[in-house]
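Fit chain B to the supplied structure of chain A, relying on the hints for placement.
2 protein chains.
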Amino acid sequence: MYAVKSIVIIGSGNIATCLGNAFQQAGLTISGVYSPTVSSAQILADQLQTIRIHSLAEIPVNADAYLVAVKDSVIEEVSNTIPIVNGIVVHCSGMTPLQVLSKHKNYGVLWPIQSITKNSTINFKTIPFCVEGNNETTTSQLESFIKQVSDHVTLMNSEQRQYVHLASVFANNFSNHLFDLAYQIMESKGLSFDLIRPLIFETANKVQYNSPTDVQTGPAKRNDKVTMGRHIDLLKNNLELQQLYEILSKSIGKQNKG
Amino acid sequence: MYAVKSIVIIGSGNIATCLGNAFQQAGLTISGVYSPTVSSAQILADQLQTIRIHSLAEIPVNADAYLVAVKDSVIEEVSNTIPIVNGIVVHCSGMTPLQVLSKHKNYGVLWPIQSITKNSTINFKTIPFCVEGNNETTTSQLESFIKQVSDHVTLMNSEQRQYVHLASVFANNFSNHLFDLAYQIMESKGLSFDLIRPLIFETANKVQYNSPTDVQTGPAKRNDKVTMGRHIDLLKNNLELQQLYEILSKSIGKQNKG
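Order-wise, the sequence lines are chains A and B.
Taken in order, the first sequence gives residues 1093 to 1350; the numbers are from my numbering.
Taken in order, the second sequence gives residues 1093 to 1350; the numbers are from my numbering.
These aren't lab readings, by the way, just hints derived from the structure by calculation.
No false leads were slipped in.
Since copy identity is lost for identical chains, a pair holds within one copy or between any two.
Cross-link-like lysine-lysine pairs, in silico, DSBU-like; alpha carbons within 30 Å at most: (1) K1195 / K1097; (2) K1163 / K1239; (3) K1328 / K1342; (4) K1328 / K1346; (5) K1346 / K1313; (6) K1281 / K1313; (7) K1342 / K1313; (8) K1239 / K1097; (9) K1163 / K1195; (10) K1281 / K1239; (11) K1317 / K1342; (12) K1163 / K1313; (13) K1163 / K1197; (14) K1328 / K1349; (15) K1163 / K1346; (16) K1097 / K1217; (17) K1195 / K1317; (18) K1097 / K1163; (19) K1313 / K1328; (20) K1349 / K1317; (21) K1342 / K1281.
Bound conformation, chain A alone (with noise of 0.2 Å):
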């Protein structure tokens, strides 16, 4: 078994930058960076010091492993347009099964639970990564290849990392979404947002020590109806924030329930 030293990328969006830059920043050789926007591939090339790759029929066939940073919807196709190479070949897929890279001999997963972009400075050794290969070895050096990035490796197959996403849209994308709604409550009243980002920081920061079931408060896990029916008539202008208001606090009183 040998230890994946060499790498390339494949892709140029925010995914192959901050991966790209964090295993440079680990010593690992990037062999070489592809992307079909050839200007973001230029940059990200100079950034890693390393040269842009014109098609994919011209990929060093020598590498340790491929990075195939690409949008979901096009990984299997990229995947098949690789040649035959001795290297694993990876995605960094959530949702997207391990087998879509099957055409390879040796082929896995790594996936951040983070929500990356581009400009972001990411410090990869606290971000957990699911790790998943297609056979013990591959594995194996995936796990060895990724920890000199992070500190937390988990293993896991393409049907656990899909509920993982799944939570991490709840968990993220969800609650992002109504930090978002109650900035525009805010707004429409001309009041600042900065008046409710501590609360926004503690409510993150009380759960990564609690269970979030412990630390729920708020008028419907006291099944406050005075309360939630002043809310509700506050809103009485937006059916939309109404009925997700309604929704919301009817799942937190059937949890109470539960």
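Quick look at chain B alone, frame taken from chain A:
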């Protein structure tokens, strides 16, 4: 205009306890504690090294302020039972109008925008307080007073405060419930909630410096129907979560078009 230096605390719950401790630490005099729950009133009085007051009729009439830190539903009744006093009568509720205290000559509101649980040690310095008084002098007195425990004091009227309270329910109670639903999804598959705790922290951290609109990500934001369809499919045995998923995704989609 005199400075508020001595306070009677009415109530012995979370807010009474946390604010009482903060006032004491700021060097203010706690003139006494009253609560119909004798045992917890005694505990708080002991903690604050002050006397337990045996009935509202026996309340000292010469304190600078009276903190009515009781459940929303009984604030008005408690206020009306307090004898005529010289100091300012204050409640600590987001949703309760100032006017429920209008029996008194000087009255106001001090509302911390935070979800307060009794045993949490709270540093009020970073917590925004909403302040309202029934006249300019009272408002100024309350403002100077609360600045001794918080660096973030905002004057606002009862109507504005209600909207901040409503926004807080979305930002805190509802988002915590989404963390709870994420917890349940993870638990149902035997997966540790630890895997998504860092994601929750980062979600809240991002909106400390950005607008939530700018950092929204996920399948609904991208209008990625394939991923949303797969998520809905994973929830086929949980119609409640399926409905929430659909409504929140639709709301995010609408926001994008907005």
